[in-house]
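Protein chains: 4
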Amino acid sequence: MLKAAIVGATGYTGRELVALLSRHPGVRPFYLTSDSYAGKSFAEIYPQFRGSCELTLEKLDVKEAGTCDIIFAALPHGTSLEIVPHLLATGKKVVDLSGDFRLKEAALYPLWYGYEHKQSALLAESVYGLPEHNREAVRRADLVANPGCYPTSVQLPLIPLLQADLVEAEDIIIDAKSGVSGAGRTPKQPYHFPECAENFKAYKVTGHQHTPEIEQGLAAAAGRQVTLLFTPHLVPMIRGILSTMYLRLKPGVKEEDIAALYRKVYADEPFIRLLPAPSLPETKDVSGTNFCDIAFRADRRTGRLIVISAIDNLVKGAAGQAVQNMNIMLGLPETAGLM
Amino acid sequence: MLKAAIVGATGYTGRELVALLSRHPGVRPFYLTSDSYAGKSFAEIYPQFRGSCELTLEKLDVKEAGTCDIIFAALPHGTSLEIVPHLLATGKKVVDLSGDFRLKEAALYPLWYGYEHKQSALLAESVYGLPEHNREAVRRADLVANPGCYPTSVQLPLIPLLQADLVEAEDIIIDAKSGVSGAGRTPKQPYHFPECAENFKAYKVTGHQHTPEIEQGLAAAAGRQVTLLFTPHLVPMIRGILSTMYLRLKPGVKEEDIAALYRKVYADEPFIRLLPAPSLPETKDVSGTNFCDIAFRADRRTGRLIVISAIDNLVKGAAGQAVQNMNIMLGLPETAGLM
Amino acid sequence: MLKAAIVGATGYTGRELVALLSRHPGVRPFYLTSDSYAGKSFAEIYPQFRGSCELTLEKLDVKEAGTCDIIFAALPHGTSLEIVPHLLATGKKVVDLSGDFRLKEAALYPLWYGYEHKQSALLAESVYGLPEHNREAVRRADLVANPGCYPTSVQLPLIPLLQADLVEAEDIIIDAKSGVSGAGRTPKQPYHFPECAENFKAYKVTGHQHTPEIEQGLAAAAGRQVTLLFTPHLVPMIRGILSTMYLRLKPGVKEEDIAALYRKVYADEPFIRLLPAPSLPETKDVSGTNFCDIAFRADRRTGRLIVISAIDNLVKGAAGQAVQNMNIMLGLPETAGLM
Amino acid sequence: MLKAAIVGATGYTGRELVALLSRHPGVRPFYLTSDSYAGKSFAEIYPQFRGSCELTLEKLDVKEAGTCDIIFAALPHGTSLEIVPHLLATGKKVVDLSGDFRLKEAALYPLWYGYEHKQSALLAESVYGLPEHNREAVRRADLVANPGCYPTSVQLPLIPLLQADLVEAEDIIIDAKSGVSGAGRTPKQPYHFPECAENFKAYKVTGHQHTPEIEQGLAAAAGRQVTLLFTPHLVPMIRGILSTMYLRLKPGVKEEDIAALYRKVYADEPFIRLLPAPSLPETKDVSGTNFCDIAFRADRRTGRLIVISAIDNLVKGAAGQAVQNMNIMLGLPETAGLM
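Chains as they are written, first to last, in the working numbering: chain A, 1 to 339; chain B, 1 to 339; chain C, 1 to 339; chain D, 1 to 339.
What the hints contain is simulated information worked out from the structure, not anything from laboratory work.
Careful: at least some of the hints might be erroneous.
[Stated by the list, open to error] Dumping the calculated BS3-like pairs for lysine-lysine here, alpha-carbon to alpha-carbon at most 27 Å:
| hint | chain 1 | residue 1 | chain 2 | residue 2 |
| --- | --- | --- | --- | --- |
| 1 | D | LYS59 | B | LYS204 |
| 2 | B | LYS93 | B | LYS188 |
| 3 | B | LYS188 | D | LYS118 |
| 4 | D | LYS63 | C | LYS250 |
| 5 | D | LYS118 | B | LYS59 |
| 6 | C | LYS254 | D | LYS254 |
| 7 | D | LYS118 | D | LYS93 |
| 8 | B | LYS204 | A | LYS254 |
| 9 | C | LYS264 | A | LYS204 |
| 10 | A | LYS188 | C | LYS63 |
| 11 | C | LYS250 | A | LYS188 |
| 12 | B | LYS40 | D | LYS93 |
| 13 | B | LYS254 | A | LYS204 |
| 14 | B | LYS118 | B | LYS3 |
| 15 | D | LYS204 | D | LYS250 |
| 16 | C | LYS59 | C | LYS104 |
| 17 | D | LYS254 | D | LYS204 |
| 18 | D | LYS188 | B | LYS188 |
| 19 | B | LYS40 | D | LYS204 |
| 20 | D | LYS59 | D | LYS93 |
| 21 | C | LYS204 | A | LYS40 |
| 22 | C | LYS59 | A | LYS204 |
| 23 | D | LYS204 | B | LYS188 |
| 24 | D | LYS188 | B | LYS204 |
| 25 | A | LYS188 | C | LYS3 |
| 26 | C | LYS204 | D | LYS250 |
| 27 | A | LYS204 | B | LYS188 |
| 28 | B | LYS250 | A | LYS250 |
| 29 | B | LYS104 | B | LYS59 |
| 30 | B | LYS188 | D | LYS250 |
| 31 | C | LYS40 | A | LYS59 |
| 32 | A | LYS250 | B | LYS188 |
| 33 | D | LYS59 | C | LYS250 |
| 34 | C | LYS204 | D | LYS188 |
| 35 | A | LYS40 | C | LYS59 |
| 36 | A | LYS188 | C | LYS254 |
[Claimed, not checked] If you want the footprint, here are the derived chain A segments under chain B, 3+ residues with CB under 8 Å:
| hint | stretch |
| --- | --- |
| 37 | 93-101 |
| 38 | 170-184 |
Quick caveat, the model's predicted, so the values are computed rather than measured.
By construction, the Cβ of each residue, glycine as well, lies at the ideal position given by its N, Cα and C atoms.
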């Protein structure tokens, strides 16, 4: 069994990594760190792991992390930036789950993340870990920037459409909805049960930091700049993201062309499920899985294409995709521990 | 005290009408009908009314209904069509909460509602009861077609923009989200708790019957045909609708223009609340009220205008607006029983 | 209109007081204090009050509070203890919603609340505000200790049984369940949405501070000491308490005796609803109301009596009962603003 | 791979069986029957199984079922009674998940289930499948009656206490709380989302059919008749049961005696987790697992023992325990497919 380090193991993505690796046939969680809970058992923080993961949480010791075969960094934005270079210096491969190494252009960080990014070399070196479209680069990568939850749900359905030039790149609207675990484990007023149960709202309208990440991925697919509108919403449920995407079909493109394209691109992808009409994605159908469910409808009345995708924000949108990337990086079967 | 008849009192809109009228200073629920529960007490069906509304449900007797000062029809689509003409024949004013008298063009009914509409005369005569934009016609109406929940949440924010020609009428996308009570009181698989708790999904994509109702209202405002895309979603909560609307600003139109317009049109409307930035509508803030909360953001990057509204689907989206219409029709203060 | 001060207006009970008093025919919220939000508008904290309560929150100034006709203290346990004496010194009547003046025996505070209570004189003077059993004392009181949420749900059904000696006082088990708003507005880990949605648990088993409050009330009813077992649970819902109470019938006591007793004691109480079989209390039936719904079953197999009650923890369990007490103290109709 | 038949595969327990067996190392779902959905794909009913279980549902053909190595009957009470004898006639072992073969005394069925039970021979032959206390009998059984969800949550913690005579058998109160999936997949009014979200209630007070099942198990443990009080409640969550049990300690019995007993009895049980104080069971900690979490507190003030257990009603309370029984019956490792 290979050994995995999880730096920042007590957030929800850390917990999900522990859960997935505990069932993995080739890798096991071995070294878990936490600043706030060092000295406690992981199962004390997450009692569902009693009997299945009783590792003790430790303050990060980079050398210790370096004794593992793979290192996951599941840290807040801004913190990862400081720590990942040290982790890489151990010579081990790193999967970073923060946003700190996802954008290629350092100048975007002050605008969208609110901090100066001084690791341009690492930005250039890091590989964006969307395996369905970047598998070979992931295989060779030392540092994988694991995609954001929303960007995963958006890029998987939209990249093929832009690569094949079936939709207008200038007119993309994304209306996305996420469960509350997307906001992390730290208690805050908007996520206090009596505040967010029986409530629905949009947030960070026109300003969510996943916007440039999506634009970067779609621009690469389209071969030109993409500027789009992305509006996230908060759903009173624990897990899941549903993204509703509004596009304009290029003249002459028909519903069958979209269907044929998706089949060609995704027929052999183990984690993409194309839903035949009249089915539509629902978050509960992907809950706890690494699947991305995709459906679409062409609207003759308006000439619009509506694409809908569903993922589990903590699995395909975070820890599951990180394990998928790890599998590729370590030469394991890509679906190991994920089916 | 004036007397109100509620035909079809045991659905959720019927219940909400009883609740609102029980607190009304000038009108009281007097005659409640139900096909399935005739003979039972209303409080037996809805025990929260024990001690506050102990009326017995009766099979509809049109003459009895006609002894009341106002008649509400809270019946399923298709059923209202058959019954409302008889109610009108009593000479009393009727507020119909179904979709059966909302569309002016009879030919739209087979397409969107799935039935032939043979009451063209009533379609012509009925008044669409959106008081903020139709107050005088409501005052004189014998039959008010109470707007749908989604259409209310969409037309209140969009009508002024189209009337003032600040946005393109050709490029409107509406992404709407509703709590489960919008699906009515009859138990069905998709609304069974274990199916819709912890779940989020779109439904009736490109085919929801509220689409032509919204288009009709916006076309009247724009002075030309409007074809738009409307996508409803189901939120795991009981009440509330949040609509996120994507529009394209006309050249030269600025955020301040939108703000000024809304202030001019809605400053004196008792049930419209314009939220100043950085506030955004949330369904819990309008829960149980007749308010429609509205906010907007112009996105410089894409030239889009995002407008967001929140209502309680059962109040401003149904029974509350019906009472507002009743107040106008009976010459009572418009806010009576609604504040 | 009389004027009310609410000291600590931004917690959930404070908010509920503002809501109830905003609809009250004889009293209006006039002076709202908050330590953390002083200077902000109340509607900024609770946007549902936009347009209905736009008062500015202020740092507590005791003299200002004293210009009102009634003062509500909605402060945390331990803080009320320090502030209420000053409020009383203004000569105005005070309703305290904390636990600080509910127990007559000062020695119980270190055990159950974890602090020394040095205001024995006020403990003696304060009147326990359960109007159904203490109306006359409330009328004359300067300081009313408003009962706890759980104790209200338990004492209303059990006091008559113990007064009439129909059940054994030595064998009382209370299994109570509360919605999450009972834990207050401050975000904490156990009440973070992803932690308490889809979860159910007991808490403070054998050690909840409402235990001695219930025992004190039942002992007074029974005329002798009562020691009971009280186990609270957390339900993934916003509002509501359901208490299931297990008692042993005295020899020869029959179900009809219980029914007759309840009718005799509670027939004229406006806020008590006795449910005839087969009805059982449900929290949604009392949500947003000042009602306490009560039902019971005698179990022939075990000789036990099961009594079940439901209240809204924020209304009859807090703010609603406080307004009921205020009505009595100020000589207003007891149901004013509560129906 | 051995083959499993699931008769009645589209209810929630059927679905859960499919889920567990799809991950099982030695057995796979092979033959799925459904009356209402015959001809459809299982994944059409439960889209989360797209790509993982695409079996077609068939009308029950007993011979076909008999080609499998094990047969699960996941049918409604009363229906199982008719069908199981035919399934047994194939010579294959059967695990029945209904209540139809759990009670040894046929006379109890009319009282608690409302039907006459004419298969006394099968009642005598069937083995009650609570493996922790009945493992050897299960190993030899042809027909295992899989325990009810509530009875599992109650008997696992209480059987040892009664066997060791540490508590009074005459004074047992069980206050149990279940998520809504316990009510099955058929939509009904009380389980309609807007009815049971934000609601909590007791149901079937003094009359739930699991009462005699619990009494039968505890009587066997105590060596004498047990009559107890069992009150179930409905929690607004999908999965999980928490049972709070109130017992009276025998004179002289101490908290440490209870702890020592549990350790002795359950230390090596793979699916029982004894929680050390101050931990308490929470349903989310066992969600999706076959664990039963148990904690207890002795209350010095009342001499009572409070025992609390949590299980997932669909796993340890149904399908998981059925697979555990199957593992034993087929000579597989007991935890296969369950960890």
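Taking the hints in turn, this is what the structure says about them:
Between the alpha carbons of LYS59(D) and LYS204(B) the distance comes to roughly 32 Å, so the proposed pair goes past 27 Å and is violated. Only pairs whose Cα atoms come within 27 Å are accepted, and LYS93(B) paired with LYS188(B) is rejected, the gap being roughly 34 Å. In summary, the hint linking LYS188(B) to LYS118(D) is not supported, as the alpha carbons are separated by about 35 Å, beyond the 27 Å threshold. As the CA atoms of LYS63(D) and LYS250(C) are separated by approximately 59 Å, the hinted pair breaks the 27 Å bound.
For the hint linking LYS118(D) to LYS59(B), the alpha-carbon distance of about 45 Å lies beyond 27 Å, and the restraint is violated. Between the alpha carbons of LYS254(C) and LYS254(D) the distance comes to roughly 36 Å, so the proposed pair goes past 27 Å and is violated. A threshold of 27 Å between alpha carbons decides the hint, and for LYS118(D) with LYS93(D) the separation of about 21 Å falls inside it, so the pair holds. Among the hinted pairs, LYS204(B) with LYS254(A) is consistent with the structure: their alpha-carbon atoms are about 20 Å apart, no more than 27 Å.
For the suggested pair LYS264(C) and LYS204(A), the alpha carbons sit about 58 Å apart, so the restraint of at most 27 Å is broken. Note on LYS188(A) and LYS63(C): the hinted pairing is violated, with a Cα-Cα distance of about 35 Å set against a maximum of 27 Å. A distance of roughly 50 Å separates the Cα atoms of LYS250(C) and LYS188(A); the hinted pair therefore is violated under the 27 Å criterion. Restraint check: the Cα-Cα separation between LYS40(B) and LYS93(D) comes to about 50 Å, which exceeds 27 Å; the hinted pair is violated.
Proposed proximity of LYS254(B) and LYS204(A) is supported: the alpha carbons are some 20 Å apart, at most 27 Å. For the given pair, LYS118(B) sits about 31 Å from LYS3(B) by alpha-carbon distance, which is inconsistent with the 27 Å threshold. For the hint linking LYS204(D) to LYS250(D), the alpha-carbon distance of about 30 Å lies beyond 27 Å, and the restraint is violated. Between LYS59(C) and LYS104(C) the CA atoms are separated by roughly 31 Å; this puts the pair beyond 27 Å, and the hint is violated.
Only pairs whose Cα atoms come within 27 Å are accepted, and LYS254(D) paired with LYS204(D) is rejected, the gap being roughly 34 Å. Simply put, LYS188(D) and LYS188(B) have alpha-carbon atoms about 8 Å apart, close enough for the 27 Å limit, and the pair holds. A C-alpha spacing of about 22 Å is found between LYS40(B) and LYS204(D), which places the hinted pair at or below 27 Å, so the restraint holds. Our distance criterion of 27 Å between C-alpha atoms is met by LYS59(D) and LYS93(D), whose separation comes to about 20 Å.
For the suggested pair LYS204(C) and LYS40(A), the alpha carbons sit about 22 Å apart, so the restraint of at most 27 Å is met. About 31 Å separates the Cα atoms of LYS59(C) and LYS204(A), which puts this hinted pair outside 27 Å; it is violated. Annotation: proposed proximity of LYS204(D) to LYS188(B) holds, straight-line Cα distance about 23 Å (limit 27 Å). The suggested pairing of LYS188(D) with LYS204(B) holds, with an alpha-carbon distance near 23 Å, which does not exceed 27 Å.
The hinted pair formed by LYS188(A) and LYS3(C) fails the criterion: a straight-line CA distance of about 34 Å is larger than 27 Å. Restraint check: the Cα-Cα separation between LYS204(C) and LYS250(D) comes to about 24 Å, which is no more than 27 Å; the hinted pair holds. A hinted pair counts as satisfied when its Cα atoms are at most 27 Å apart, and LYS204(A) with LYS188(B) does not qualify at roughly 35 Å. In summary, the hint linking LYS250(B) to LYS250(A) is supported, as the alpha carbons are separated by about 23 Å, within the 27 Å threshold.
Using a Cα cut-off of 27 Å, the hinted pair LYS104(B) and LYS59(B) is violated, with the two alpha carbons roughly 31 Å apart. At roughly 50 Å between alpha-carbon atoms, LYS188(B) and LYS250(D) are farther apart than 27 Å, so this suggested pair is violated. A C-alpha spacing of about 41 Å is found between LYS40(C) and LYS59(A), which places the hinted pair above 27 Å, so the restraint is violated. Of the pairs offered as hints, the one joining LYS250(A) and LYS188(B) is violated, with about 39 Å between alpha carbons and a cut-off of 27 Å exceeded.
Only pairs whose Cα atoms come within 27 Å are accepted, and LYS59(D) paired with LYS250(C) is rejected, the gap being roughly 56 Å. Among the hinted pairs, LYS204(C) with LYS188(D) is inconsistent with the structure: their alpha-carbon atoms are about 35 Å apart, more than 27 Å. Distance hint between LYS40(A) and LYS59(C) is unfulfilled; the C-alpha atoms sit about 41 Å from each other, more than 27 Å. Only pairs whose Cα atoms come within 27 Å are accepted, and LYS188(A) paired with LYS254(C) is rejected, the gap being roughly 52 Å.
Under the rule that three or more residues need a Cβ within less than 8 Å of chain B, the assignment of the stretch 93-101 of chain A is violated, with 0 such residues. Note: the stretch 170-184 of chain A has 4 residues with beta-carbon separation from chain B under 8 Å; the three-residue rule is met and the coverage holds.
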